[in-house]
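Undergrad: Sequence:
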Amino acid sequence: MNNTAATIRRAFLAVLAISILSFGLLLLGSKRFNTPKRFDLIQLDSGWTISRGNNTWELESINKSNIGIVNNGDTLVLSNNLPDIDLLQPTLYFRSVLSDVKVYVEDELVYSFGDEYVALDHMLPKMENFVPLPHDYHGKEVTVQITAHEDRAFSGLYPLYFGNYNDIKNELVQSNRFPLVVGIYLCHLGFMLLILAPFLAFSKNHDFSIFFSAITSLMIGVYVLCYNDVFWYISDNPYFYTFIEYFALFTIPAAILGFVLTAGQAPFLKLGILLFQLSIGFVMITTLLHVSNRMHICNFVSMFHVFSVAEGVFVIFSLVKFAREEAKKNNDLRGKTSSTIILIAGLIIFTLCALVDIIKFNVMKFSNMGEVHAQINFTTLGALVFIMSLLLDYFYHCIEYISESTVKVELEGLAYTDTLTNLSNRARCEQYLVDLTGDFTVISLDLDYLKYTNDNYGHDQGDRLLSGFSEILSGCFTDATLIGRMGGDEFIVVLPFVDEERIMRDIRCLTDQLAYRNSQENKLRFSASWGYASSNDKELGGNHSAQNVYLLADKRMYIMKNQHHKESLGRLYDDLLNKVLGEGGNDEDQA
Numbered sequence: 002m003n004n005t006a007a008t009i010r011r012a013f014l015a016v017l018a019i020s021i022l023s024f025g026l027l028l029l030g031s032k033r034f035n036t037p038k039r040f041d042l043i044q045l046d047s048g049w050t051i052s053r054g055n056n057t058w059e060l061e062s063i064n065k066s067n068i069g070i071v072n073n074g075d076t077l078v079l080s081n082n083l084p085d086i087d088l089l090q091p092t093l094y095f096r097s098v099l100s101d102v103k104v105y106v107e108d109e110l111v112y113s114f115g116d117e118y119v120a121l122d123h124m125l126p127k128m129e130n131f132v133p134l135p136h137d138y139h140g141k142e143v144t145v146q147i148t149a150h151e152d153r154a155f156s157g158l159y160p161l162y163f164g165n166y167n168d169i170k171n172e173l174v175q176s177n178r179f180p181l182v183v184g185i186y187l188c189h190l191g192f193m194l195l196i197l198a199p200f201l202a203f204s205k206n207h208d209f210s211i212f213f214s215a216i217t218s219l220m221i222g223v224y225v226l227c228y229n230d231v232f233w234y235i236s237d238n239p240y241f242y243t244f245i246e247y248f249a250l251f252t253i254p255a256a257i258l259g260f261v262l263t264a265g266q267a268p269f270l271k272l273g274i275l276l277f278q279l280s281i282g283f284v285m286i287t288t289l290l291h292v293s294n295r296m297h298i299c300n301f302v303s304m305f306h307v308f309s310v311a312e313g314v315f316v317i318f319s320l321v322k323f324a325r326e327e328a329k330k331n332n333d334l335r336g337k338t339s340s341t342i343i344l345i346a347g348l349i350i351f352t353l354c355a356l357v358d359i360i361k362f363n364v365m366k367f368s369n370m371g372e373v374h375a376q377i378n379f380t381t382l383g384a385l386v387f388i389m390s391l392l393l394d395y396f397y398h399c400i401e402y403i404s405e406s407t408v409k410v411e412l413e414g415l416a417y418t419d420t421l422t423n424l425s426n427r428a429r430c431e432q433y434l435v436d437l438t439g440d441f442t443v444i445s446l447d448l449d450y451l452k453y454t455n456d457n458y459g460h461d462q463g464d465r466l467l468s469g470f471s472e473i474l475s476g477c478f479t480d481a482t483l484i485g486r487m488g489g490d491e492f493i494v495v496l497p498f499v500d501e502e503r504i505m506r507d508i509r510c511l512t513d514q515l516a517y518r519n520s521q522e523n524k525l526r527f528s529a530s531w532g533y534a535s536s537n538d539k540e541l542g543g544n545h546s547a548q549n550v551y552l553l554a555d556k557r558m559y560i561m562k563n564q565h566h567k568e569s570l571g572r573l574y575d576d577l578l579n580k581v582l583g584e585g586g587n588d589e590d591q592a
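Quick note, the numbering used here runs 1 ahead of the 1-based positions in the sequence shown.
For the record, the hints were derived by calculation from the structure and aren't laboratory data. Treat the hints loosely; a few may be bogus.
For lysine-lysine, the following PhoX-like pairs were computed, each having C-alpha atoms within a straight-line distance of at most 25 Å [to be verified]:
hint, residue 1, residue 2
1, K103, K65
2, K141, K170
3, K539, K567
Pairwise CB distance ranges (calculated) [as the list claims (entries may be wrong)]:
hint, residue 1, residue 2, range
4, I196, S468, 44 to 50 Å
5, C510, S468, 14 to 20 Å
6, N537, I185, 52 to 58 Å
7, G74, S20, 50 to 56 Å
8, L197, S293, 31 to 37 Å
9, E501, S475, 19 to 25 Å
10, F498, L270, 47 to 53 Å
11, I235, I274, 35 to 41 Å
12, N563, L197, 56 to 62 Å
Don't be surprised by glycine CBs; every beta carbon is placed ideally from N, CA and C.
Hey, can you work out the whole structure from these sequences and the hints?
TA: Put into structure tokens, the structure is as follows:
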């Protein structure tokens, strides 16, 4: 019943946390915070004349241009008349990919992009083209020339908008608000997990999966931001964030495979390791080729899609098989099994969503629709589901870790605690001495009169003597790292320093407390013998181990114990003599 209640409570807290997170993301990504436009934003969809090579035709709609795939060296020329509308900061906006751009108004060049990249033979980046128009633009002919510089550069035409510069920029930001929020969230989570990764990776559990989950979250977040051109608003280096988009995209499968392998969720381990090595090699080779300017990274997208589909099938099949095996296990770790299955389900959903977007992209690219209309909404949503399932999994594991730690502490308390005195028992003391290093002082103590008390007053009074002495030790040696009972009447105290003055202060406290207890007792006599030694004691010679320090302290304790024994015998002899003399005097008086 308690396990059921705990499971329900964990599930409720997890659902509550995910619900709050989802609500926050949806709220920030909604249109609630949109800024109203000052002017009308016009999409120039119709009235275009397009030329490609020797072919020229009229476009009914930009969205239905059906231009096919544009390859390296192909030039598209689009012509139309600008609206006869008065605007402040009149701007023509459109997007270009892997192409240089020139814009003319009545045959006068007003905008150019890409010449510097062509001169250096660099990859032409994606670009948000904001073309400032002259003040006398009204009704004039505008010509847009787009020249591709890569094979299979793009297919289809991006929409062209006419409006106020600020209105266009705000509209783009607002239309991408949800990807912006999700991307920033994933990047932030990735950085946090990356910071935690070294601590967990080199902990006792050696959990390297958090490193790959951090890379996965970070790369997905970066890709979402790059694909939706969010970096354009914070960076003036389109070449860099275009490269980062491809790099992040190529890294995601390797990160997911690494996570599956290190989390122990790959039944086919050798095949998984081989695919992981191929993925890492693919990322490294494509990056080196691009950086050395021998081959642009954009030329490997088709190859990447083939790899991704193969790896995606492998991941889904492996996770489904692993989930079925986990579900069949009949054990008491239902919470752990459930959280693992939730994580697997989230990863499967993300992989399926990514595969859908890959297939959709290729269908659109090689069909009349054109890839310019392709979105990664499924990937964004799938990434969000995966990261939430990942958080849920860590949430459960944190609870499980806390529970296991609590149980471990309780069990260690039972195993290493002396039940009578509540001090550490002999096993704990010996274990502690084995691991003890640095500067320390060991005090060996022996409780006097324990056997005498047991023989004359009973074992219950002997137990009172032991528990009372343990209370005195705990009260006097407050800075001790260990106070324990080695057995019978033998005790040990370990102080984490070598300081004669502090040691004597604690021992004076002990003698004062023993005297005070004796003043309050009629039967029991609190007395102890002790000896101490420090880790830098000269009598140790070359062996300064904690065990040798304890033996030296024990040896010095016995010197004091023998002295106490002689004093006890002397007092006993005097008591007997006085008793005999007293009885003899009484006989003489009676005579």
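Undergrad: Please go over all the hints and tell whether each is borne out by the structure.
TA: A quick look at each hint next to the structure:
{"no.": "1", "hint": "K103 / K65", "verdict": "23 Å, holds"}
{"no.": "2", "hint": "K141 / K170", "verdict": "24 Å, holds"}
{"no.": "3", "hint": "K539 / K567", "verdict": "29 Å, violated"}
{"no.": "4", "hint": "I196 / S468: 44 to 50 Å", "verdict": "48 Å, holds"}
{"no.": "5", "hint": "C510 / S468: 14 to 20 Å", "verdict": "19 Å, holds"}
{"no.": "6", "hint": "N537 / I185: 52 to 58 Å", "verdict": "56 Å, holds"}
{"no.": "7", "hint": "G74 / S20: 50 to 56 Å", "verdict": "53 Å, holds"}
{"no.": "8", "hint": "L197 / S293: 31 to 37 Å", "verdict": "35 Å, holds"}
{"no.": "9", "hint": "E501 / S475: 19 to 25 Å", "verdict": "22 Å, holds"}
{"no.": "10", "hint": "F498 / L270: 47 to 53 Å", "verdict": "51 Å, holds"}
{"no.": "11", "hint": "I235 / I274: 35 to 41 Å", "verdict": "38 Å, holds"}
{"no.": "12", "hint": "N563 / L197: 56 to 62 Å", "verdict": "58 Å, holds"}
In summary, the one numbered hint that this structure violates is 3.
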